[in-house]
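Visitor: Residue numbers (our numbering), protein chains in the order written: chain A, 15 to 126; chain B, 6 to 120.
Heads up, a few of these hints could be off.
[Claimed, not checked] Below, a list of computed lysine-lysine pairs in the DSS-like style, where the Cα atoms sit at most 30 angstroms apart:
#1 56/A - 83/B
#2 56/A - 63/B
#3 56/A - 74/B
#4 56/A - 54/B
#5 83/B - 63/B
#6 92/A - 71/A
#7 83/B - 73/B
[To be verified] Facing chain B, a subset of chain A residues (Cβ under 10 angstroms, in silico):
#8 18
#9 45
#10 53
#11 55
#12 57
#13 62
#14 79
#15 95
#16 99
#17 113
#18 114
#19 115
#20 118
#21 120
Hints were generated in silico from the structure; no laboratory data involved.
Virtual Cβ for every residue (Gly too), placed ideally from N, Cα, C.
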Amino acid sequence: EPEVTQTPSHQVTQMGQEVILRCVPISNHLYFYWYRQILGQKVEFLVSFYNNEISEKSEIFDDQFSVERPDGSNFTLKIRSTKLEDSAMYFCASSQRGDTQYFGPGTRLTVL
Amino acid sequence: AQSVTQLGSHVSVSEGALVLLRCNYSSSVPPYLFWYVQYPNQGLQLLLKYTTGATLVKGINGFEAEFKKSETSFHLTKPSAHMSDAAEYFCAVILYTGTASKLTFGTGTRLQVTL
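Turn these sequences into a full structure, and let the hints guide you.
Guide: Given below as structure tokens:
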């Protein structure tokens with residue numbers, strides 16, 4: 015069964031450093047998303063992406079964040095200058111029609 | 006704007022007992038509703054969904070949920086709990102407008118199953 019994959023599973027970085035989180039969505043899906051879950055809190059929407067552009071973003075998704083689909087298979091989330099409060103589990107999701115979303119296993123980001 | 010309320014951050018049941026996890030939503034238009042399960046150190050797995058049609062939906066692992074518009078609820082049930090059901094369960098709502106739509110999640114309910 016097709017599934018969303020994410021790399022790395024765990025990323026440790028120093029405050030102020032740039033990180034790129036990678037996702038490979040399900041191959042015939044057209045809609046892509048990033049969510050995050052701070053430890054002990056609920057899952058929060060960050061951004062949705064369709065037709066090579068951002069379709070919606072949350073207040074969390076400020077200028078430090080960017081997304082890209084550099085080729086036909088990868089979908090990336092970049093954080094330019096990480097802060098302590100960016101420590102969280104980041105989930106990528108994809109959807110064929112923009113309704114039912116399928117999630118990857120997540121990347122745990124730890125900012126020191 | 007839509008929102009989701011999950012009553013009970015922790016629910017404990019005995020193995021073999023009924024599981025009932027509560028979810029109420031707020032939405033100005035007919036919502037699409039989902040339950041996701043998160044096992045320890047894993048991602049979010051789709052358990053079941055309601056989009057249109059039959060209000061009682063069945064999912065994986067013997068779970069089902071009923072959409073009740075009059076009560077704005079989408080409670081998750083399973084007749085007989087198994088130890089392997091221990092996990093965190095998230096209810097989520099989407100306003101599907103034909104384009105990419107974000108999921109809004111509840112705060113989650115941690116299910117504990119005891120012998």
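Visitor: Each hint should be assessed against the structure and marked as holding or not.
Guide: These are the hints, each one checked on the structure:
no., hint, in the structure
1, 56/A - 83/B, "holds (23 angstroms)"
2, 56/A - 63/B, "holds (24 angstroms)"
3, 56/A - 74/B, "holds (24 angstroms)"
4, 56/A - 54/B, "holds (19 angstroms)"
5, 83/B - 63/B, "holds (10 angstroms)"
6, 92/A - 71/A, "holds (14 angstroms)"
7, 83/B - 73/B, "holds (17 angstroms)"
8, 18, "holds (8 angstroms)"
9, 45, "holds (4 angstroms)"
10, 53, "violated (12 angstroms)"
11, 55, "holds (8 angstroms)"
12, 57, "holds (4 angstroms)"
13, 62, "holds (4 angstroms)"
14, 79, "violated (15 angstroms)"
15, 95, "violated (25 angstroms)"
16, 99, "violated (19 angstroms)"
17, 113, "holds (5 angstroms)"
18, 114, "holds (6 angstroms)"
19, 115, "holds (6 angstroms)"
20, 118, "holds (6 angstroms)"
21, 120, "holds (5 angstroms)"
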